[in-house]
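Chains as they are written, first to last, in this note's numbering: chain E, 33 to 369; chain L, 33 to 369; chain B, 33 to 369; chain C, 33 to 369.
Keep in mind that the hints were calculated from the coordinates and are not lab data.
Be careful, since some hints might not be right.
Some residues of chain L that are not near chain E, with every Cβ distance over 10 Å (derived) [what the hints assert, rightly or not]:
no.	residue
1	R39
2	Q43
3	E54
4	P62
5	T166
6	K177
7	G190
8	S243
9	P262
10	G366
List time: in silico DSBU-like cross-link candidates among lysine-lysine, alpha-carbon distance up to 35 Å [to be verified]:
no.	chain 1	residue 1	chain 2	residue 2
11	C	K209	B	K227
12	B	K177	B	K147
13	E	K209	L	K150
14	B	K209	B	K291
15	E	K308	L	K234
16	L	K356	L	K234
17	B	K334	C	K356
18	E	K291	C	K291
19	L	K150	L	K209
20	B	K291	E	K308
21	E	K291	L	K308
22	C	K147	C	K308
23	L	K209	E	K227
24	C	K209	C	K291
25	E	K234	E	K291
26	C	K356	C	K227
27	B	K308	C	K102
28	E	K356	C	K291
29	B	K308	C	K227
30	C	K147	C	K102
From the three backbone atoms N, C-alpha and C, an ideal C-beta is built for every residue, glycine too.
Protein chains: 4
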Amino acid sequence: MLIVMDRSASQEDIQRVVAAIEAHGLTPHPIPGELRTAVGVTGNKGAVDTAAFENLPGVLEIIPVSHPYKLVSREFHPSDTVVPVGGVPVGGTRTIVIAGPCAVETLEQTVTIAKAVKERGADLLRGGAFKPRTSPYSFQGLGDKGLDILAAAREETGLPVVTEVLDTASVELVASKADCLQIGARNMQNFELLKAAGRTGKPVLLKRGMSATLEEFLLAAEYVMAEGNPNVILCERGVRTFSDFTRNTLDLAIIPAVKRISHLPILVDPSHGTGKRNKVIPMSRAAIAAGADGIAVEVHHKPEEALSDGPQALTPDMFADLMKQLRPIAEAVGRSL
Amino acid sequence: MLIVMDRSASQEDIQRVVAAIEAHGLTPHPIPGELRTAVGVTGNKGAVDTAAFENLPGVLEIIPVSHPYKLVSREFHPSDTVVPVGGVPVGGTRTIVIAGPCAVETLEQTVTIAKAVKERGADLLRGGAFKPRTSPYSFQGLGDKGLDILAAAREETGLPVVTEVLDTASVELVASKADCLQIGARNMQNFELLKAAGRTGKPVLLKRGMSATLEEFLLAAEYVMAEGNPNVILCERGVRTFSDFTRNTLDLAIIPAVKRISHLPILVDPSHGTGKRNKVIPMSRAAIAAGADGIAVEVHHKPEEALSDGPQALTPDMFADLMKQLRPIAEAVGRSL
Amino acid sequence: MLIVMDRSASQEDIQRVVAAIEAHGLTPHPIPGELRTAVGVTGNKGAVDTAAFENLPGVLEIIPVSHPYKLVSREFHPSDTVVPVGGVPVGGTRTIVIAGPCAVETLEQTVTIAKAVKERGADLLRGGAFKPRTSPYSFQGLGDKGLDILAAAREETGLPVVTEVLDTASVELVASKADCLQIGARNMQNFELLKAAGRTGKPVLLKRGMSATLEEFLLAAEYVMAEGNPNVILCERGVRTFSDFTRNTLDLAIIPAVKRISHLPILVDPSHGTGKRNKVIPMSRAAIAAGADGIAVEVHHKPEEALSDGPQALTPDMFADLMKQLRPIAEAVGRSL
Amino acid sequence: MLIVMDRSASQEDIQRVVAAIEAHGLTPHPIPGELRTAVGVTGNKGAVDTAAFENLPGVLEIIPVSHPYKLVSREFHPSDTVVPVGGVPVGGTRTIVIAGPCAVETLEQTVTIAKAVKERGADLLRGGAFKPRTSPYSFQGLGDKGLDILAAAREETGLPVVTEVLDTASVELVASKADCLQIGARNMQNFELLKAAGRTGKPVLLKRGMSATLEEFLLAAEYVMAEGNPNVILCERGVRTFSDFTRNTLDLAIIPAVKRISHLPILVDPSHGTGKRNKVIPMSRAAIAAGADGIAVEVHHKPEEALSDGPQALTPDMFADLMKQLRPIAEAVGRSL
């Protein structure tokens, strides 16, 4: 941490800051410059709470140097983490594909789609039983019954199941029936939910919030890990910007950024990330080329009848085409699919 | 709703769209143009789900015309809503001021601040017992004990209490001890929490999400109202943009925008909206001048010792100055304070 | 400037950085911490170019402490600057109002509007002779002829004229006929134009770019001032964000931010800043309440026939109402109008 | 175009709109709905100027259906455009690589880098002679002398030259010495410069503005093409968002979006798009995988001594590695490199 003093700060102001640093058990390093003085602070184990210094007279600004996350950090855990989801390793040399409908609608629909994606090479089945919907008048998902349908589809196909959990009250229920708990973008900073998901010990697929910085995203993962659960999978799904030709702006540079400072695997969701079916395949290729550990896509056998997010779902034929296109890209970056 | 067909759409494609509209009990109005055909849709009561049409062959795009919200809309409720919070009317001709510490720390701290803001003209007391913190290692609030401290401060000063609720599990508890439930920006689309808060019937202060559009904000309020709870107060607290001289960008134009399409009262939080103490007073003036129904500000008697968000809190003296500056602005817009 | 070393940086790496700092005639201050070393740098007059250090082995990041602007800075010029535009002081205790059509269309239109705004209290006349238009097929302005019309309207009303200049080739021409050169948002970083405008010595009204940070905005003003021209007036006109109920997001907190670090006057353009006629008056009030030195608004006597930006122009009656509403706000902040 | 009437609009209001449409030589199509009436408009050749209708009484909003661009549009020119730059085709089946220093510094530096990138497979040489710099105190480029250095490097290596032009006054000069004129992000809406570049007939590499929508980007290209110059190459270089781990947010989904509606080639600049050397290679792979027609990257043989943007430049060795990694990606998408 660096405390930058105002140009007009007096020697007394500087002494007060130095004393406050020492009072916190830290070491001050005053650096007198031509125009102003700055005071370096060392001796802290993690990030220092800046509030204690920010309001002292003569302080212009505080520049943090350490970051507040630990468990998610590559500095504390140098090798890549591989998260096993129902036997499928996420992270590592293989890239994986999660596929399925946006919402679980019926047993027949879900099993049909699960079989279709399994045959075409999917590794995990996705599908929403509890759906977060912008409008209270939109279809809200089948709830508990949807979880049973997903379990039946797993039985039928052998695909482990990833599904969203919306509220602490249903965390136990979802954890008892699914292989991986998804926490959606809207809940990325629902800290009680993060803690509850952490306590289940189950793998957690954590989606980046619509306007989350990388530090906020990693700290959300830190909430899960701080409960003793190391099984966190990150997922970029687009952020909100002025750019209006896609529903969100897929921020793929987060992939090398995460790989540099964290050991956690990171996937990309090009379906929500673009909101447009015709951009799903090119952006899936781009994600794998950028180094993602896999993708999560929406597939529906009758997208024009889908109860939720139809316009971005691929048909089974398009999904087969996607898989065919992804394989050489995965190989080009030294991985398999 | 307007369905715009591709230039290359065939007569068959257009007929299929017309038939699909009729199959939904709606009325199609084909409009053949020089370059393409569009099909107007009427007969709907609210917004139509576009998914049923978006994927039909030859459809280029769907342009919604109706909005999906109802109860929050001025079209359905022409006169301004006034929400009573512990006897204090929010909305209407008087503008109101909510003040207090970011976090409840101790009984003494909270009562001291409550008395200070009461004496200087505040209408309602704010203070966080459950705190949403970006890092799991930051102070998370006193919880239940904090609620009792707030109740004691109310006893002492007569100020009704507004406090945040983070999770469905504690909605009942908070509703039993506070006068108004605050739902924070990070939970604006925590739909289970919105429903639970709606069911309490208590006034709900709903903060705009960091990247929420106006429609999403109003639909979040619609979730609360759809549970039979008409007591919703909106609050602008800044949105996330590239602009970096404040912590968030306070989007004050939302005040006339809300007033035009909704009947709900709207407040402004310039403390979180700017994150900088020296910008709180000017932006409070601007909020009242733009037509806000009041403001919510953080006050701390020792901001340099505050456990949370110290740099944006006003001292009691600064708060007195704020009140003095706001009164003539309120009068200039034909209101009292 | 603070150079933060990687945790794995060797003593050799640190020595190399120290030597490089000294080689630049600056003074290094190594601060060894528990986890890493940082090196403070002093002895610089302004901002140091970081490129020389950023790529040395073992350097994690460079944190600038000084800012690269000088002439615009309050540190170098403590008292507020007042810019005289054709005899009207901009800045200081009076707030001013610039009004007129978006585009100069005809002599009659311009004189009619100029008289209308003069009678209702405007201080300066605005109007575009050279128009920057997003589409090459939109009306591009009358050019030179438009400048003559503006001059005639000044003759008729006594109002000094503010008009936009688009290109270095016409800077001399515009400077010879107008009282103040406007540089639009799209040209805020057209550095050749900034320099040319600076060389005229004429007052320059500089609009903030659509995605400009405060530092970039001030550096654009620094380009004008570095040519020896102290007469710069800043103008906030909205930035581009995801927020879609206005055409741009009016970032009013920039007013106290500018006042804190610069001595230049700052105006607000609520017409372009919102793009919606019904939001111009509330946001004008907010701008003055926040401390702006004035506003610039579009007025048209027949907005439904305007060739450019009709939907945001006020009628003369609405302009009269605006003036009436602004006066008590200006008084409430201790100023006149 | 669809004109949506207010719910409270009278029959008279609707008749007035219908008459106004007819007065413009267009055909009105009233669509009475349950809650409101909308009026479709046909008969227009391109986009209609909405201003004439937006302010008529009873009009709620205008929804444009046609787009204002023509020449850039795939509807008007179905097959892909290939732009020849000094004999190198840009667009088509081969992907191309533009490489070179950010700024031309000396003859020796430029020739050294040009040879290095030529040997490693670059197709075109880039290098700035006129540099747009945020601060007036930063190195502004060698100007005319820099153009001669670039010409000498072309002589030496055979690589055609791409270089930026900043102002209409130097367009002729740059066009006489370079093979392709680059128009930078800051000048994307410098319309006079676009027209002047269009008039040279030379290939123009047009970079997307920092906050440009796709429509604005295409309309900027339309300005060049409207002067009779079909040789436009688009370039995505990152947009400005809140996301702070890169200097800009590289919006790769624009590649399939452009390919869908325009026939122009599109490149990606991952150096400016990320601002971080360690992200250039992964994002270059992603760009090619997403379907870009090539990339433009900065290379410097001594990046730690570069006068401009050192931190994002690749060394020649890293550039060789980039080329090696890109080839299998290009093949995976059915192209060569």
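For the pair supplied as a hint, K209(B) and K291(B), confirm whether the alpha-carbon distance does not exceed 35 Å.
holds (31 Å)
Does K291(C) lie within 35 Å of K356(E) when you go C-alpha to C-alpha?
holds (21 Å)
CA of K147(C) to CA of K308(C), is that 35 Å or under?
holds (24 Å)
Test the statement that Q43(L) is away from the interface with chain E: the closest C-beta pair must be farther apart than 10 Å.
Q43(L) is indeed farther than 10 Å from all Cβ atoms of chain E, at 20 Å.
Under the criterion that the straight-line Cα-Cα distance not exceed 35 Å, is the pair K209(C), K291(C) satisfied?
Between K209(C) and K291(C) the Cα gap is close to 31 Å, so the pair holds against 35 Å.
Would G366(L) pass as off the interface with chain E, using Cβ distances and a cut of 10 Å?
Answer for G366(L): holds, closest chain E Cβ roughly 35 Å.
Take the C-alpha atoms of K308(B) and K227(C), compute the straight-line distance between them, and say whether it is at most 35 Å.
Distance of about 30 Å is within 35 Å: holds.
Within a Cα-Cα threshold of 35 Å, do K356(L) and K234(L) meet the stated pairing?
holds (31 Å)
Straight-line Cα separation of K291(B) and K308(E) no greater than 35 Å?
This hinted pair is violated, its Cα atoms lying about 45 Å apart.
Straight-line Cα separation of K308(B) and K102(C) no greater than 35 Å?
Roughly 28 Å separates the two Cα atoms, so the pair holds.
Taking 10 Å as the cut and beta carbons as the points, is R39(L) off the interface with chain E?
Correct as stated: the minimum Cβ-Cβ distance to chain E is 17 Å, above 10 Å.
What's the verdict on K291(E) and K308(L), does the C-alpha distance respect the 35 Å limit or exceed it?
Cα-Cα ~34 Å, so holds.
In summary, the numbered hints that this structure violates are 5, 8, 13, 15, 17, 20, 26 and 30.
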